[in-house]
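Use these hints to put chain B onto chain A, whose structure you have.
Heads up: the protein sequence lines correspond to chains A and B, in order.
According to the numbering used here, the first sequence holds residues 1 to 148 in order.
According to the numbering used here, the second sequence holds residues 1 to 110 in order.
Since the hints were derived computationally from the structure, they do not count as laboratory data.
There could be a bad hint or two in this list.
Claimed, not checked - Straight-line C-alpha distance at most 27 Å; calculated BS3-like pairs for lysine-lysine: (1) B:K66 - A:K105; (2) B:K29 - A:K65; (3) A:K65 - B:K66; (4) A:K105 - A:K130; (5) A:K130 - A:K65; (6) A:K130 - A:K46; (7) A:K65 - A:K105; (8) B:K29 - B:K66.
Said to hold, decoys possible - Heads up, incomplete: computed chain B residues facing chain A, CB under 10 Å, no partners named: (9) T23; (10) S55; (11) L99; (12) D101.
Glycine included, C-beta positions come from ideal geometry on N, C-alpha and C.
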Amino acid sequence: MPLPASEHPDGRSTLLEWRIASDIAEVSAVVEAVRAACIAAGYPPKVCRLNVPVALTEAVTNAIKCGNAGERSRPVHIRACINQIRLRVDITDEGSGFDVEAVRKRCQEEQWVTGESGRGVFLMHSLMDKVETWRDHGHTVRLTLHRA
Amino acid sequence: MTFVVEQTEDSWRVAIHGQLVVTNRQEFKDVVLAAVEQGAQRVLVDFSETGYIDSSGLGALVSLNKRIRERGGELRLAALNEDLRTLFELTRLDTLFELHDSVADAVASF
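Chain A on its own, in the form it takes in the complex:
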């Protein structure tokens, strides 16, 4: 369920926030809302068509399917901040996270190209300027993309 959109105290950022069930049917509404905010903020068309929707779809799907093991009752918390400088989205699930370096190594392997899965984290890194992860109250992935 989306929480109300709000203006950041700096008056120049849009904040969007959701706490959704672990159900992939919830993903598209989140992605489309963040994409619309990026379009409104004047982000480049290709970024709005490709980078933002694909990377965010991967991150939210990963949180639902891997972090929360697809258990509908376990929530995923998403917080997006969009302004003229950058997009930043934090996606928090209840899982224990993943080993970014191990994922990167798998992408170098020959059989990675012919595998049916394992591209999600790679695409996040490829399409965003920065991907950070940490554990606090749950596991969080932070996507950052600068507008220019």
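Below, chain B alone, put in the same frame as chain A:
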């Protein structure tokens, strides 16, 4: 998001209208495999009306490529826009699939 299936004399065309993502990848696989079950040997996926694809959609294409090849068939991908080509290049899937600029080119390649 819809899939349009068209059988011609030489091949089957499956057009993706909208996104190919985690929410509809299984439906897409079911549609293509139903065509394969009906004897489709030459299958082309038409991306001219497609927005974006996520890793689930790319995985579905890899899976279908294997299934079709196992049955002696061929899969071609056609009319990918610049964004979609970027995704295939990033993931090196442009080395696994034949990407064609148009449906006509893809049909001619069979």
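Next item on the list: State the violated hints by number, sorted upward, taking the hints as numbered earlier in the document.
Entry: Checked against the structure, the hints that fail are numbers 11, 12, while the rest are satisfied.
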